[in-house]
Amino acid sequence: MSSARHRFPYAIVTPLLLAACSGAQSAFTPGSPQSQALRSLFWLMTIVCGVIWLLVMLSLILAIWRRGPAALAGSPQERRATMVVGTCVMATVAVIAALTVVSYAATRRMAEAGAEEPLTIRVRASQWWWEVEYPDTIASHGFITANEIHVPVGRPVRVELEAADVIHSFWVPGIAGKLDTIPGRTNTLTFTARHIGVYRGQCAEFCGLQHAHMALLLVVQDPRGFARWEDVQRTQAVTPSDTEQMRGREVLVSRQCAACHTVRGTMASGRLGPDLTHIGGRAFLAAGLLPVTRGSLAAWVADPQTLKPGNNMPLVPLSPDDLRAVSAYLAALR
Amino acid sequence: MSDRRSRRGGDSLFKLERWCASFWLAVLSACLFPQMLLTAAPRDPPHVLLSWRAGQRGLPSIAVSADGRMLFVQTAFPSTVTALDLAVPDHPVAWRASLGEETSAEGLSCCAPPGSPAPAESRLFVNGPDGHVRALDARTGAQVWDRPLARIDEAELLLGAPLLARGKVFVGTGNDDFGVRGSVAALDLSDGHLLWRRYTTGPDADVGIGAGGGDTGMTSWSGDGWMHGGGGLAGPLVFDPMLDLLFYGTGHPAPWNPALRPGDNRWTSGLFARDPATGAVRWFLGLAPHDLYALGAAGPLILATEQGNRVLLHPDANGFLYTLDAASGRMLSARPFVAQTALRHVDQTTARPDRNPAMALATNTTTRGICPAWPGAVGAEGAALLSGTTLLLIAVNRMCMDFEPRQAGFIAGTPFIGANMRITPPVRGASGRVVAWDLVAGRQAWAVDEAYPLIGGIVVSPEAGVIYGTLDGWLRAIGPDSGRLRWSVDVGAPVPGRPLLFVLPDGRHAVAVASGTSGPVASILAGKRDMRDATAGHGYANVLSELKPPADPSGRVTVFVLP
Amino acid sequence: MTRALAILLAIALTTGGCKREQRDLRTDPPVAAALNDVAVLPGGFGGGIGGALPPVLSVLGYPFDGNAYQLGEGKRLYGGFNCEGCHAQGGGVTGPALTDGWWRYGPDRVSIFVTLRDGRPHGMPAFGGRLTTDQLWQLTGYIRSMGAFLPPSGAPSRNDEMQARPSENRTPAAMPPRMAPSR
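Protein chains in written order, with my numbering: chain A, 2 to 335; chain B, 5 to 567; chain C, 2 to 184.
Hints are all accurate, no fakes.
Where chain B lies over chain C, by a calculated footprint (3+ residues, C-beta under 8 angstroms): (1) 71 to 85; (2) 91 to 101; (3) 125 to 134.
Some chain C residues judged to face chain B by a derived CB distance under 8 angstroms, without partners named: (4) P122; (5) E162; (6) M163; (7) Q164.
Hints in this document: simulated from the structure, not taken from any laboratory.
Glycine included, every Cβ here is placed at the ideal spot set by N, Cα and C.
Working from the sequences, and respecting the hints, build out all of it.
In structure tokens:
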């Protein structure tokens, strides 16, 4: 009875602690050489420090166990103790120096730019979502999306991080270490994704009410799939295919939506909120809050402040028909 | 005896002392207040022929009929045209026509002074602030035709003055600060129907480029940027009958924050030459691809003949004087006429600017000490060529600015700027300067400083000299050979426009000058701005804070007969 | 007894500012609709001036007059909806100054709300279709705070990148005397 009561907290805490050790948002399933280097460094440090800690604890216990009379000054025992302490200090210095060198080398390797021309992505963090811009030398080939980064496998990627309002931190544990985004500064992060897959990331610096709901998705694709995705993103928004979607577009352009959101190909050109040109093709809505479905889009538009209190999207009063039309149109924007 | 001698000696010594003192005082004051030397001996000032009060705020725009008999005055908000008869004593109002009650343009028109009416034989062509081009009967003021062209509800305005040539009226439109696509339109002189209209941005068909252009007016913009990309025609339209070409400079791209418009942003901030018959592009020279500081290229354009070739002189807002072959658009030279920090140099063949990396911009970051400031080193009417010589007179603004790009979204009918600015005076010297540029030597011949920026414009003739108005309400004439002040008269209100030189029916030379308030600058002068905010008037408040508002806020037109 | 009083006093003092920061993030649609019920006095220059506030404001406790969150949201909207293009940071450009407090249609809440919602002659665009009703009220509150018509306790400070002196709405005593503009 009593042992069961004692075991109960461990039963809850242990899986919680381990929950972060696998899956889409884990530093232990590296998807790039950068996160691999981080993981090796982590294990090296943990093992070395663990062993040393064990040795220290053992000698401490031993010392308490075999406690004797205090050594006299100048006695052979004292000389031996001095030598032991001296050796330990030297060993500590050597270990710390070695770890510093290894850590420096790992950081250096992470920042190393490959010979290949990197894919440049500009990520602008706002309260509480991510604007993702893919610039191009031909300006019209560049595009803007939100909360979802796609990269080709094997190609170096250079992420330029900016902040629109307060300090945020960009962290996709499976791909790279965290890096702060600071208003008025551009920080750059480089990585090369080695494994195709979906990695989740999130803001790692407390940034306000909805800090917890500021996630992003990093999708590593094969180069062909990435090129296809890019081609889709470059296009303007699809033209509505039925009267309901048509009405949805009309509502979106004529109501408050257009002042904050962009739908390329329509008069909506706001920059305060995420670009909606291809929102129907994204996996998540409102920075990882809900999966994109017509229903969740409708729920979000109907009452954003209940779903994500404090976010910057106001409740725009729409009639049920308008709401249905807008959700149909948004879901069709693939 | 000795006493007397010593006293006499003392007298002469005293005289010498006094002489020395006054000499050094004069030298000192000449050094401290060089203006004093100039103002010391004004030659007989001109006398006032006529002073006409508009009775409303805003700067009137003025034009004179070819025979010098009629003075046309157009007021802005609401817009009226008044014709004053200069041939009759007391100069009565010949007629007055109203152009509607539209006033919303007052809040929409930023920087360009309203375009003057364009008189022809028996007609007067007027750009209305309501976006309509109108033809009036020059004798009666009766409306002949009325052509709506610019959509005022989307903040689109008619800019500058209409140009009459080849039986057409050429009109420029745009409003860069509101993200309106600039365009030039040709209307038929007789009935006002639209012959062609060419835009600054967009697909080649809209711009007037033939097949194979590659639609760079779209591809050099990201997303739908070209649809609200600015490039308005705030500067003059110039026609050359010898080459049969229409020239103009395009305004800056919108918004001001360059990070929001990646790409070269064609065809903004460049010079166009078009075929006046079809509007087709003959050549284009981009002076500032991806214009970082939103200066535009809508500056003065002056045609001249050099060794039988037609050359186009363009003192640009960026502080360089461009010389081009007018027929081909080939660059001949680009020389800086004012100290600036934004550019390191300009390529002498491609016009591509080499920008100073220390003055790069980043969103939410303030970059300080960018010279010239956004109003440009020279205004749209800020240069004139002294006929028969190779001397170009330039009214230079020597302002610098602190610039902070901000996020901005396009909402039709609202400003599309995305930047905070504060204008500062130059490190050394005054904010304004008249520069006489020797075109042959390629250097400055002389220069005269002015306390305030010379946004108004400048005119010059061999008889009258160089005439310009200042923001503290002076109309000045200086000699074209040395810059020595001839006369200076107080017109009582700021002169943010260009004076008009003409010959009266009785053969006397006269200058007409409009004074009053227009744009962000002059509304500062009218006391409508809060000078404690350094960004007021897009930062103008910072350099004009010591100017007092005029006693009479009304617009006014004064005609002086020259000595 | 004294100790209890002291504790009570301490609690009262430390929680006294809570109302200022209270965040009402969501306005119920019926309340938002009721917020639009301003009774404007007809006439005036190009639209109504003054009038009666929506009754629901008193039920809500006038949150747009002193609540720091609502006024801060107003400031965010001021920057995001291109107000700076015509009014700068309160000093005015082609639009009139806001920090001087000499306003064509007066400092009255209803006038400002109607100005924002319906626009005015001389170029003020209508924001009724671009902002929701509660956002219009947030902006109204912020604009009144710029003209120092609200107590400075709840008003957000001005951006200082471009300024060399403290914010106008926070330093009323140091202001030069207000001169009537010559218009």
